[in-house]
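One letter stands for each residue in the lines below.
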Amino acid sequence: MPSLKDLKIRINSVKSTQKITSAMKMVAAAKLRRAQEGAEAARPYAQRMEGMVAAIGASIGDPTGAPKMLAGTGSDNTHLLVACTADRGLCGGFNGTIVREVRRVARKLKNDGKTVKILCVGKKARDLLRRDFKADIVDTFEGIGRRGVEYEQAQSVADKITEMFEAGEFDICTVIFNRFQSAMTQIVTNQQIIPFQAPETDGDTEKASGPAAIYLYEPEEQEILADLLPRNMAVQLFQALLESSASEHGARMTAMDSATRNAGEMIDNLTLTYNRTRQAFITKELIEIISGAEAV
Amino acid sequence: MADTIQFDLVSPTKLVASQAVDMVVVPGGEGDLGVLPGHSLLIGTVRPGVIDIHEGGKVTNSIFVAGGFVEVNPETCTVLVEEATPVADIDKAAASQRLQDAQKALADAADAKAKAAAESELKVAEAMISAAP
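Here the protein sequences come in this chain order: L and W. Residue numbering for the first sequence follows this note's numbering, beginning at 1 and increasing consecutively. Residue numbering for the second sequence follows this note's numbering, beginning at 1001 and increasing consecutively.
None of these hints come from the bench; they were simulated from the model. Careful, some of the hints might be misleading.
As the list claims (entries may be wrong) - Derived BS3-like pairs: lysine-lysine, alpha-carbon spacing no greater than 25 Å straight-line:
1. L:5 <-> L:19
2. W:1092 <-> L:160
3. W:1014 <-> L:31
4. L:68 <-> L:123
5. L:68 <-> L:19
6. L:68 <-> L:110
7. L:68 <-> W:1104
8. L:123 <-> L:25
9. W:1104 <-> W:1115
10. L:68 <-> L:25
11. L:31 <-> L:8
12. W:1058 <-> L:160
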């Protein structure tokens, strides 16, 4: 049976933990709102950019002359996986689900005899993947989204990917990130960014009606593509990072909310035990006094 | 043919403008493009410059853009840009500072890539200064 003092100490320690978790929840909630606005504001740009590339891709028709970033290198031997996680933990299953998906995909590719390379965005991806895939991790980007995701940060990741692609270090690049749906739900998404893949669930009737639309190009389409494709990749990455950042804050808010609630429950239980022990102690003392008086 | 064309100006951080207009003039990579309703399908680049929105025979809104892409079809004109600032909001001092920074970056550029980046930044800054009221 723990003594009164032990109980008191435990209650106090749980209370201070609760203070921390509830503060973290509040911070996450504030950041979530900003990140969510950012992610939602950037969606139209990313979608239209994707639509534009899809339109050009559809009108080119002959893939042999098209840039490799659009048409692919012609083989699929080396895969680059970009794992988007957070730098910090304490956000529920946020990092875990991404890492699990990366592991699953990497194992599957390896079983098929492909080479896998992993680019980690966020410290947690590296920490968690290092054990199993130490040799495959190419690089790690940290500190993204600490003060909100900025386009330049996505650009720097995109530059690295472009550089590797041009050096022929991989054939297919897939980004694995959490798509933000609500503070409670994040959807793990695998998005292939190289070679470019038109979104399958394109509900836009306009585009569906005219896949072979003949566009005028100014300047030449090759020139536009040379400019547009790297840009599109950066934008898709930027979008992924924004979604990931919003998801992170959402996940952290939910996790901290339940942690705060659990701490509250624990405090109630401990307080009950504390009071019971206190009463038992008083009763025991009284019995001792009374029996002492009777013995006289 | 519709009387107006739907004009969307989108930057990575937000949908800057989305409205039905009579005509827009976009600074295309190879010369200014006047886009009227019923324009044929076109995809082009956008150089740093000013987009003028025409309504009722006069310019109702001017927005500075720092390069990007334009997609036109008969009903809509979508412009994707890296940054967009209404001309009235351009801070001339900030723009000259940017010009200086770009010039310095160009002078310090070590490789071809950094040089290209600095050159494009320089063009943006120059266009911004000339667009400032």
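Verification of the hints:
As the CA atoms of residue 5 (chain L) and residue 19 (chain L) are separated by approximately 21 Å, the hinted pair is consistent with the 25 Å bound. Note on residue 1092 (chain W) and residue 160 (chain L): the hinted pairing is violated, with a Cα-Cα distance of about 34 Å set against a maximum of 25 Å. A threshold of 25 Å between alpha carbons decides the hint, and for residue 1014 (chain W) with residue 31 (chain L) the separation of about 18 Å falls inside it, so the pair holds. For the proposed pair residue 68 (chain L) and residue 123 (chain L), the alpha carbon gap of about 31 Å is over 25 Å, so the pair is violated.
For the hint pairing residue 68 (chain L) with residue 19 (chain L), the CA-to-CA distance comes to about 54 Å; that exceeds 25 Å, so the pair is violated. With a C-alpha separation of about 24 Å, the suggested pairing of residue 68 (chain L) with residue 110 (chain L) holds against the 25 Å cut-off. At most 25 Å may separate the alpha-carbon atoms for a hinted pair to count; residue 68 (chain L) and residue 1104 (chain W) exceed this at roughly 35 Å. Between the alpha carbons of residue 123 (chain L) and residue 25 (chain L) the distance comes to roughly 21 Å, so the proposed pair stays at or under 25 Å and holds.
Restraint check: the Cα-Cα separation between residue 1104 (chain W) and residue 1115 (chain W) comes to about 11 Å, which is no more than 25 Å; the hinted pair holds. Pair hint residue 68 (chain L) plus residue 25 (chain L) does not hold up; C-alpha atoms about 45 Å apart against a cutoff of 25 Å. A C-alpha spacing of about 35 Å is found between residue 31 (chain L) and residue 8 (chain L), which places the hinted pair above 25 Å, so the restraint is violated. Distance check on the hinted pair: residue 1058 (chain W) and residue 160 (chain L) sit about 46 Å apart at the alpha-carbon level, beyond 25 Å; violated.
Hint compliance for this structure: hints 2, 4, 5, 7, 10, 11, 12 are broken, all remaining hints hold.
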